[in-house]
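Residue numbers (my numbering), protein chains in the order written: chain A, 6 to 465; chain B, 6 to 465.
Zero decoy hints are in this set.
It does not matter which identical chain is meant; a pair holds if it fits inside one copy or across any two.
Here are the computed lysine-lysine pairs in the DSSO-like style, where the Cα-Cα straight-line distance is at most 30 Å:
{"#": "1", "residue 1": "Lys-114", "residue 2": "Lys-161"}
{"#": "2", "residue 1": "Lys-349", "residue 2": "Lys-440"}
{"#": "3", "residue 1": "Lys-284", "residue 2": "Lys-161"}
{"#": "4", "residue 1": "Lys-234", "residue 2": "Lys-462"}
{"#": "5", "residue 1": "Lys-177", "residue 2": "Lys-234"}
{"#": "6", "residue 1": "Lys-436", "residue 2": "Lys-234"}
{"#": "7", "residue 1": "Lys-436", "residue 2": "Lys-164"}
{"#": "8", "residue 1": "Lys-349", "residue 2": "Lys-284"}
{"#": "9", "residue 1": "Lys-307", "residue 2": "Lys-425"}
{"#": "10", "residue 1": "Lys-436", "residue 2": "Lys-177"}
{"#": "11", "residue 1": "Lys-436", "residue 2": "Lys-342"}
Worth flagging that the hints you see were computed from the coordinates, not collected in a lab. Source: prediction; values computed, not measured.
Number of protein chains: 2
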Amino acid sequence: WPGNYHTHAPTYCTVEWWPGNLGKTSTHAVVLAQLYLRGKSYGLHPFIAQLRSLENHQPLPGITLGDIGPKLGYHSNDNGFLGFDHVRIPRRNMLMKYSQVSPDGFYTKPVQAKLTYGTMVGVRVEIVSAGSYMLSQAVTIAVRYSAVRRQTEQIKGEKEPQILDYRSQQLKLFPYLAAAYAFTFTSFGVTDRYIEVQNEMNDGNMESLSELHALSAGLKAFTSYVVNKGIEVCRLSCGGHGYSQASGFPELYTIAAPLSTFEGENTVLLLQTARYLMKFTATAKRGGGLPGFVLYLNQRQKGQCPARSESDLLDHGLLSDAFEHRARRLVMEAAQKMQSNIGKGNPQHVAWNNCHMYLLKAASAHCHFYVVQTFVKYINDTEMSDAVRDVLTSLCQFYALHGIWQDAGDFLQDGYMNGKQLDMVLSLVGKLLDKIRINAVALVDAFDFRDEILCSKLGA
Amino acid sequence: WPGNYHTHAPTYCTVEWWPGNLGKTSTHAVVLAQLYLRGKSYGLHPFIAQLRSLENHQPLPGITLGDIGPKLGYHSNDNGFLGFDHVRIPRRNMLMKYSQVSPDGFYTKPVQAKLTYGTMVGVRVEIVSAGSYMLSQAVTIAVRYSAVRRQTEQIKGEKEPQILDYRSQQLKLFPYLAAAYAFTFTSFGVTDRYIEVQNEMNDGNMESLSELHALSAGLKAFTSYVVNKGIEVCRLSCGGHGYSQASGFPELYTIAAPLSTFEGENTVLLLQTARYLMKFTATAKRGGGLPGFVLYLNQRQKGQCPARSESDLLDHGLLSDAFEHRARRLVMEAAQKMQSNIGKGNPQHVAWNNCHMYLLKAASAHCHFYVVQTFVKYINDTEMSDAVRDVLTSLCQFYALHGIWQDAGDFLQDGYMNGKQLDMVLSLVGKLLDKIRINAVALVDAFDFRDEILCSKLGA
Numbered sequence: 006w007p008g009n010y011h012t013h014a015p016t017y018c019t020v021e022w023w024p025g026n027l028g029k030t031s032t033h034a035v036v037l038a039q040l041y042l043r044g045k046s047y048g049l050h051p052f053i054a055q056l057r058s059l060e061n062h063q064p065l066p067g068i069t070l071g072d073i074g075p076k077l078g079y080h081s082n083d084n085g086f087l088g089f090d091h092v093r094i095p096r097r098n099m100l101m102k103y104s105q106v107s108p109d110g111f112y113t114k115p116v117q118a119k120l121t122y123g124t125m126v127g128v129r130v131e132i133v134s135a136g137s138y139m140l141s142q143a144v145t146i147a148v149r150y151s152a153v154r155r156q157t158e159q160i161k162g163e164k165e166p167q168i169l170d171y172r173s174q175q176l177k178l179f180p181y182l183a184a185a186y187a188f189t190f191t192s193f194g195v196t197d198r199y200i201e202v203q204n205e206m207n208d209g210n211m212e213s214l215s216e217l218h219a220l221s222a223g224l225k226a227f228t229s230y231v232v233n234k235g236i237e238v239c240r241l242s243c244g245g246h247g248y249s250q251a252s253g254f255p256e257l258y259t260i261a262a263p264l265s266t267f268e269g270e271n272t273v274l275l276l277q278t279a280r281y282l283m284k285f286t287a288t289a290k291r292g293g294g295l296p297g298f299v300l301y302l303n304q305r306q307k308g309q310c311p312a313r314s315e316s317d318l319l320d321h322g323l324l325s326d327a328f329e330h331r332a333r334r335l336v337m338e339a340a341q342k343m344q345s346n347i348g349k350g351n352p353q354h355v356a357w358n359n360c361h362m363y364l365l366k367a368a369s370a371h372c373h374f375y376v377v378q379t380f381v382k383y384i385n386d387t388e389m390s391d392a393v394r395d396v397l398t399s400l401c402q403f404y405a406l407h408g409i410w411q412d413a414g415d416f417l418q419d420g421y422m423n424g425k426q427l428d429m430v431l432s433l434v435g436k437l438l439d440k441i442r443i444n445a446v447a448l449v450d451a452f453d454f455r456d457e458i459l460c461s462k463l464g465a
Numbered sequence: 006w007p008g009n010y011h012t013h014a015p016t017y018c019t020v021e022w023w024p025g026n027l028g029k030t031s032t033h034a035v036v037l038a039q040l041y042l043r044g045k046s047y048g049l050h051p052f053i054a055q056l057r058s059l060e061n062h063q064p065l066p067g068i069t070l071g072d073i074g075p076k077l078g079y080h081s082n083d084n085g086f087l088g089f090d091h092v093r094i095p096r097r098n099m100l101m102k103y104s105q106v107s108p109d110g111f112y113t114k115p116v117q118a119k120l121t122y123g124t125m126v127g128v129r130v131e132i133v134s135a136g137s138y139m140l141s142q143a144v145t146i147a148v149r150y151s152a153v154r155r156q157t158e159q160i161k162g163e164k165e166p167q168i169l170d171y172r173s174q175q176l177k178l179f180p181y182l183a184a185a186y187a188f189t190f191t192s193f194g195v196t197d198r199y200i201e202v203q204n205e206m207n208d209g210n211m212e213s214l215s216e217l218h219a220l221s222a223g224l225k226a227f228t229s230y231v232v233n234k235g236i237e238v239c240r241l242s243c244g245g246h247g248y249s250q251a252s253g254f255p256e257l258y259t260i261a262a263p264l265s266t267f268e269g270e271n272t273v274l275l276l277q278t279a280r281y282l283m284k285f286t287a288t289a290k291r292g293g294g295l296p297g298f299v300l301y302l303n304q305r306q307k308g309q310c311p312a313r314s315e316s317d318l319l320d321h322g323l324l325s326d327a328f329e330h331r332a333r334r335l336v337m338e339a340a341q342k343m344q345s346n347i348g349k350g351n352p353q354h355v356a357w358n359n360c361h362m363y364l365l366k367a368a369s370a371h372c373h374f375y376v377v378q379t380f381v382k383y384i385n386d387t388e389m390s391d392a393v394r395d396v397l398t399s400l401c402q403f404y405a406l407h408g409i410w411q412d413a414g415d416f417l418q419d420g421y422m423n424g425k426q427l428d429m430v431l432s433l434v435g436k437l438l439d440k441i442r443i444n445a446v447a448l449v450d451a452f453d454f455r456d457e458i459l460c461s462k463l464g465a
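Work out the full structure: start from the sequences and follow the hints.
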């Protein structure tokens, strides 16, 4: 490598574990390592390190690496371990777009440290997309199978019904069909926001980054949990055949499984979202201006859900308000529990740990509201035929009402909704199942997955 | 085969799919097939059929069989397909313990048709045991890992805490630790009942069989759902390592996955439980005597949960009453919805389908109550030291309170519990996490799994 050399090379052993293609395939890696200059630590920085000879592919001196062994899935992928022992690299191997180290060993810090967040946030936004894509594949297979498979004569002498006609099958699949659409629109929304914020940052405006970071972290966690559960429910809904590789589900399940773990473990991410929300409830209480989506925290709570009839409960605005109310209540409750814990003399980190359950619920509810609101907005703001609008409207209503049913405690706990309204919610869920059934196959065909992608005998 | 021969052999093609060891290994099979005598069908009966030559292991004439191909798990198991084409077997190959076919082709029906249910019920009882065993393995690995793994400095300069000290980790694992114990005691209880009922049946008393059938079907479904979810949560709780085969989780997950599908698909089973419950609500309304566990349906509903303080909510009797109330309410609601549907002129099968969501909730709540009640009874009725009783009591309280929290809507919907009580439930869940943490490792060590069984680097 041309240029001046200084012994900035790490002189301690580092061990990496898990990166794809690390163990056998890669000749070079970008390694994030602690930068020390004159004994002082400057934090994590990225360095290019060559791992293997370009002549014979053997590991270079001081480098130990290999494959970490069999996994749940991604069997054809080489996931590796890597250790460095006194490996020297040129100074210029440090990636110096944002921070620099001069030839005489002096550090120039980045103009804006947060610029490096960009990739991490972008990857999480991508995971929301990828997850919605995988869930869409799973529901495609399961809905098609359920339309073909017939079971149990209901009227003597008549054909057995398609299992898609059974409410129990619809109850399994349609929430995830609705979620697949919801998360697709969520990914559109948060991707647009990501591009917006990237442009602001390129103009030197960093204001929105914290909120985007918190939102993308939370949405990555929120959606991937549902995606993983959904793929498994779809697999189980096909009975024994879901256990066969020929269904496509084993592959889909094992490939999707890491969504909840990599690029930020889900619980850690939700707690990051919660940390941001706690910071801004302080601001909300002071009546300060809040950026973007989080503005809802500044609004006053309504006492009760105004729904008097089933048709009231089909109103998108009312449904969105319900999720807004619940998110705001849970965020405020978490803040109050934190204050109470600290008031008892607990240090910050102990209070934080004690409040995990409230913080996680708050972050999750915040994301759930975003997903509902984004679904509603997409239908409102996008040009489409009346027929398509009608179908997506039912799906959106179902997503929201089913969500209320599943988390009914949250909506009832403060009296915002009452038992009678919950009865109506359940009744509507049943009616919407019938409506969605009519178009269920069309709704999955609309994802337009090629058979070579689905790799499924059941869902071809 | 000695004895008289008649052409009772099936003359149509049958196809089997999935049975273990069918494709390559077995030389004989017990085949359940329709019995026709003189053109009249007598229903399913069991027949021994030879599949392969004892000389060279080749399939016999008219027999087509083989392995069904790669699966999600059980890779070392041969799961087969099997077809018969005009295969003749001797009359005496029919298993004739209960029903017989004479040499001149006349049918003697079983003294009691229900005796053949015995095996099916017994297998489902076994699945409750097997599931509790697999979940216990999963929590063993996850709790041990969480006690060893340290992460994120909380106080500068001090050792990173064990991740088992984080509430978020406890919230993931302890519900399944409690469930593993709960389901272990459930399996004791339902196994005892099974033996009791078998003895009654041998004396000609069939009264309890329907209830046991409904209970075992429901418990198989209820517990296996939780077991499968729990294994996945335990796997995810170990972060990236849970994706490695070395954790033991991929194997455990894929082996446990069929619990929800085989020996009766879970939804079908819960609907069978519901069918029994609907039959007996009719009886309950008429004030008739009800057998066994189901007696609770005959009791009057209390208006409200009497808990005024957190210590009230720790009372086992009060907690059991809450689950009883919820089960009774949901069973009665399902019955009322059925009546209403039929009242609108819907045929029985349409009303049944329309009410699936209410029927499934009713059956599930019925089983949940059984599990809670059985846990409480086990602690009350079993001799143990005070120290052990104290530990199991906390676990039982946690199982019940966490269950109320997760399904809070059910307890709030009719006003049986209120928001203030739910606040206390959440607060107690937090306090019990701390209590259980102290003994968590001991609680999993108590399962006493050998390392060769766990096959886990994380949980050794």
